[in-house]
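Enquirer: Taking the hints into account, I'd like the entire structure generated from these sequences.
Using this note's numbering, the letters of the sequence shown map in sequence onto residues 544 to 1198.
For the record, the hints were derived by calculation from the structure and aren't laboratory data. A few of these clues could be false.
[As the list claims (entries may be wrong)] Okay, derived cross-link-like pairs now, DSS-like style, lysine-lysine, Cα gap no bigger than 27 Å in a straight line:
{"#": "1", "residue 1": "949", "residue 2": "887"}
{"#": "2", "residue 1": "1188", "residue 2": "1124"}
{"#": "3", "residue 1": "976", "residue 2": "949"}
{"#": "4", "residue 1": "841", "residue 2": "881"}
{"#": "5", "residue 1": "1083", "residue 2": "1124"}
{"#": "6", "residue 1": "949", "residue 2": "915"}
{"#": "7", "residue 1": "949", "residue 2": "961"}
{"#": "8", "residue 1": "887", "residue 2": "976"}
{"#": "9", "residue 1": "1083", "residue 2": "1188"}
{"#": "10", "residue 1": "930", "residue 2": "961"}
{"#": "11", "residue 1": "920", "residue 2": "961"}
{"#": "12", "residue 1": "1093", "residue 2": "1124"}
{"#": "13", "residue 1": "961", "residue 2": "881"}
{"#": "14", "residue 1": "1124", "residue 2": "1141"}
{"#": "15", "residue 1": "920", "residue 2": "881"}
{"#": "16", "residue 1": "852", "residue 2": "961"}
{"#": "17", "residue 1": "852", "residue 2": "881"}
{"#": "18", "residue 1": "1091", "residue 2": "1081"}
{"#": "19", "residue 1": "930", "residue 2": "920"}
{"#": "20", "residue 1": "881", "residue 2": "828"}
{"#": "21", "residue 1": "949", "residue 2": "869"}
{"#": "22", "residue 1": "828", "residue 2": "852"}
[Unchecked claim] Have a look at the derived ranges for each label pair, beta carbon to beta carbon:
{"#": "23", "residue 1": "1083", "residue 2": "913", "range": "48 to 56 Å"}
{"#": "24", "residue 1": "854", "residue 2": "834", "range": "24 to 32 Å"}
{"#": "25", "residue 1": "943", "residue 2": "760", "range": "57 to 65 Å"}
{"#": "26", "residue 1": "689", "residue 2": "850", "range": "12 to 20 Å"}
{"#": "27", "residue 1": "913", "residue 2": "1177", "range": "20 to 28 Å"}
{"#": "28", "residue 1": "816", "residue 2": "848", "range": "43 to 51 Å"}
{"#": "29", "residue 1": "834", "residue 2": "911", "range": "50 to 58 Å"}
{"#": "30", "residue 1": "624", "residue 2": "879", "range": "26 to 34 Å"}
{"#": "31", "residue 1": "1177", "residue 2": "902", "range": "43 to 51 Å"}
{"#": "32", "residue 1": "1197", "residue 2": "935", "range": "25 to 33 Å"}
As the structure is a prediction and not an experimental result, all values here were calculated from the model. Using N, Cα and C, we set each Cβ at its ideal position, and we do this for glycine too.
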Amino acid sequence: MKLTPSYTIYIRSAAIISLLGGLAVMTGWVFNIEILKTVFRGFVSMKFNTSICFVLSGIILFFYSDRSRAASVILPFLSTLIALIGIISLAEDIFGFNTGLDELLFADKNTKSAIAFTYPGRLSTIASFSFTFLGFSFLLLNRKNKKINVAVQYAFHSVSLISIIAICGYLYNVPSLYKLSFLTSIALPTSVMLFILSIGASFINSSLGITGLFTNHRLGNIMARRLFPPFVVLIFLLSFLRLESHRYNVVSVEFGGALFTLSFLLISLLLISITAKYLDRIDLKRAEAEMALTEINKNLEQLVDNRTKELQVITERLSLATKGSKIGIWDWDIPNNKLTWDDKMYHLYGVIPSNFSGAYEAWENLFHPDDKSVAVKAIEQALSGEKEFDIEFRIIWPDHSIHYIKANALIQRDHTGKALRMIGTSWDITEQKEQQERLRRIEEQHQREILKAAINGQEQERDYISKELHDNINQILTSANLYLGLVKASDQTKTLEAVETGQLHIKTAIDEIQKLSRSMSIHQLKDLGILASMEDLKDKINFLRGCKVKFIHSGNADLIPPDISLTIFRISQEQLDNIIKHSRASSATISLDIEENKILLHISDNGMGANLIETKKPGGIGLSNIYNRIHAYNGNIELRTSPGKGFDMRIEFMY
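Expert: This is how it looks when you write it as structure tokens:
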């Protein structure tokens, strides 16, 4: 149970008073200080065992107000100890035996000599009874059973009643009120501290019992809080004055009684008048608040009625506008979570009305899993006023077919801006989406055909240049070399050296032209096949460029279509050329894996690598050609690189 701060102060104050009072009496017994034991000279002293019980009770109350974990361990032990002291002392009084508990630590020698048959140090019967109640009450405090908590609360009230009776006995000099047996009397400090302790403990469950009469906030509770304390003071004061005046013969008994009655009536009337005015002010404020609330409710009802009529008009217009169309209308009562659909909505969602619960969650469950979070967020943003509700999303029919829905809505709000209703329209845009998808695929196919045509044009141009180099320029250089040979046979020495140098350059040019011609020609790939062409490409790189290239393959190369074979060969040429020019790699690996309907090309090197973002910028003609060739044949590429980590290119073709 959570305690309010004000009640915690009461509980802690009672705990401190009980703890300090008990310690003060214990000090009086230890050092034989009579004033600490009796407080008032000539009165009965508080027993040492009583002071122990007060100290233990103060510790218990402090733990309850502090809500410490230690309470769960210490509380049962201390409560049991208090109850045992009370039960043993009470049993000694009732059954007339002596356990020795009374004189275990200190003996009350003054009491023993003054009163015969009195057991020194023993708690009074009233104190024993009270501590028995307190011990068991502390032990049962704050149970989950409300009946037990109520019983505990009234046990505290019983101790309060017993102690106040004893205090009255002392105040009015009526010994029978503070002595329930002829053996011992309860000490005045004990009565006062029991009263404070029991009142403080009753605030732990402040809403129960008599305590609740003063702690609740209804008008009756306010009246009780204002009238009870002054009435108590008034009664005690007037009674005391009457007794004292009678004792000293200031007035007669009859006049004293009349004076007491008149004084009580007049002061009571004054107190009741003051309280009534205070309650009238509270009642007036409450009436004003109720009137203001009633006016607000009327305005709100009128506003809601006006908005409802507006919505009805809008709904009728929407119904007329959508009549004969394929647009569905829906209405969501947000506070009651009731979703109303027209017949077209059920048709749009492929749902039978009897299978639809009409709750928002039932609508949400029809969303496609990939679109659900987006649609839910759009609804939440619309309800909060962040954005208008105008979205497209997919739904799944009971037959598992997927449909596209376009939806928008208007929102009705109260005067505070809280969303009350959401009225909207929905229509099926599946055919539009499918048409858009078909157009997109046609556009992509068109782009691929353009790329293929461009690539084929490049290949034909390469083949034409290759033939020209081989058939024309190569023949011219060969003829020039032969003529230089004729000059060589008849000329002088210096001319001979010049001719030999010229022949060497011409021969080198012829070799390079032949290599270039073969690399540009597609006939080599057609004649040798993809695997032999890749091996030839690897061998040439290893022989001429100083980069160790490794080529590995698996699968049946005959399954590869010719155009994809050429694409794979050109991509390998382009990437190896990039590696040699830019990466400073000492080794590279080409892996070609051929499966039944899939080809995987993997090219990697151990070069210097690059920033992946930089490689995607325009200007890298090698990579641009590679991307174009991959896109033309609907392939996928994954490129991994970073500075110092080399290039890792993975390409996939489906066929």
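Enquirer: If a hint holds in the structure, say so; if it doesn't, say that too.
Expert: To see whether the hints hold, each was checked on the structure:
Taken as a hint, the residue 949 and residue 887 pair is honoured in the structure, with Cα atoms around 14 Å apart against an allowance of 27 Å. Among the hinted pairs, residue 1188 with residue 1124 is consistent with the structure: their alpha-carbon atoms are about 17 Å apart, no more than 27 Å. With a C-alpha separation of about 11 Å, the suggested pairing of residue 976 with residue 949 holds against the 27 Å cut-off. In summary, the hint linking residue 841 to residue 881 is supported, as the alpha carbons are separated by about 25 Å, within the 27 Å threshold.
For the hint linking residue 1083 to residue 1124, the alpha-carbon distance of about 15 Å falls within 27 Å, and the restraint holds. Only pairs whose Cα atoms come within 27 Å are accepted, and residue 949 paired with residue 915 is accepted, the gap being roughly 14 Å. Proximity of residue 949 to residue 961 is assessed by CA-CA distance (about 25 Å); at most 27 Å being required, the pair is judged to hold. Between the alpha carbons of residue 887 and residue 976 the distance comes to roughly 20 Å, so the proposed pair stays at or under 27 Å and holds.
A hinted pair counts as satisfied when its Cα atoms are at most 27 Å apart, and residue 1083 with residue 1188 qualifies at roughly 25 Å. Of the pairs offered as hints, the one joining residue 930 and residue 961 holds, with about 15 Å between alpha carbons and a cut-off of 27 Å not exceeded. In summary, the hint linking residue 920 to residue 961 is supported, as the alpha carbons are separated by about 17 Å, within the 27 Å threshold. For the given pair, residue 1093 sits about 18 Å from residue 1124 by alpha-carbon distance, which is consistent with the 27 Å threshold.
With a C-alpha separation of about 17 Å, the suggested pair residue 961 and residue 881 falls inside the 27 Å cut-off, and the hint holds. Of the supplied pair hints, the one linking residue 1124 and residue 1141 is violated, its CA atoms being roughly 31 Å apart against a limit of 27 Å. As the CA atoms of residue 920 and residue 881 are separated by approximately 19 Å, the hinted pair is consistent with the 27 Å bound. Between residue 852 and residue 961 the CA atoms are separated by roughly 19 Å; this keeps the pair inside 27 Å, and the hint holds.
A threshold of 27 Å between alpha carbons decides the hint, and for residue 852 with residue 881 the separation of about 19 Å falls inside it, so the pair holds. A C-alpha spacing of about 8 Å is found between residue 1091 and residue 1081, which places the hinted pair at or below 27 Å, so the restraint holds. About 10 Å separates the Cα atoms of residue 930 and residue 920, which keeps this hinted pair within 27 Å; it holds. Distance hint between residue 881 and residue 828 is unfulfilled; the C-alpha atoms sit about 39 Å from each other, more than 27 Å.
Using a Cα cut-off of 27 Å, the hinted pair residue 949 and residue 869 holds, with the two alpha carbons roughly 12 Å apart. Between residue 828 and residue 852, the direct Cα distance comes to roughly 36 Å. Violation of the 27 Å bound is thereby established for this hinted pair. In this structure the hint that residue 1083 and residue 913 lie 48 to 56 Å apart at CB holds, the actual value being about 50 Å. Between residue 854 and residue 834 the CB atoms are about 30 Å apart, so this pair conforms to the stated range of 24 to 32 Å.
One distance hint, 57 to 65 Å for the beta-carbon pair residue 943 and residue 760, holds here, with the actual separation near 60 Å. Here the CB-CB span from residue 689 to residue 850 is close to 46 Å, at odds with the stated 12 to 20 Å. For residue 913 and residue 1177, the Cβ-Cβ distance of about 23 Å falls inside the hinted range of 20 to 28 Å, so the restraint holds. Between residue 816 and residue 848 the beta carbons are some 47 Å apart, a value that agrees with the proposed interval 43 to 51 Å.
Between residue 834 and residue 911 the C-beta distance comes to about 53 Å, which sits within the given range of 50 to 58 Å. Between residue 624 and residue 879 the Cβ separation comes to about 58 Å, which falls outside the hinted range of 26 to 34 Å. Against the hinted window of 43 to 51 Å, the Cβ-Cβ separation of residue 1177 and residue 902 comes to about 45 Å, which satisfies the hint. Residue 1197 and residue 935 have their C-beta atoms about 30 Å apart, which keeps the hinted 25 to 33 Å range intact.
Taken one by one, the earlier hints fail for this structure at numbers 14, 20, 22, 26, 30, listed in ascending order.
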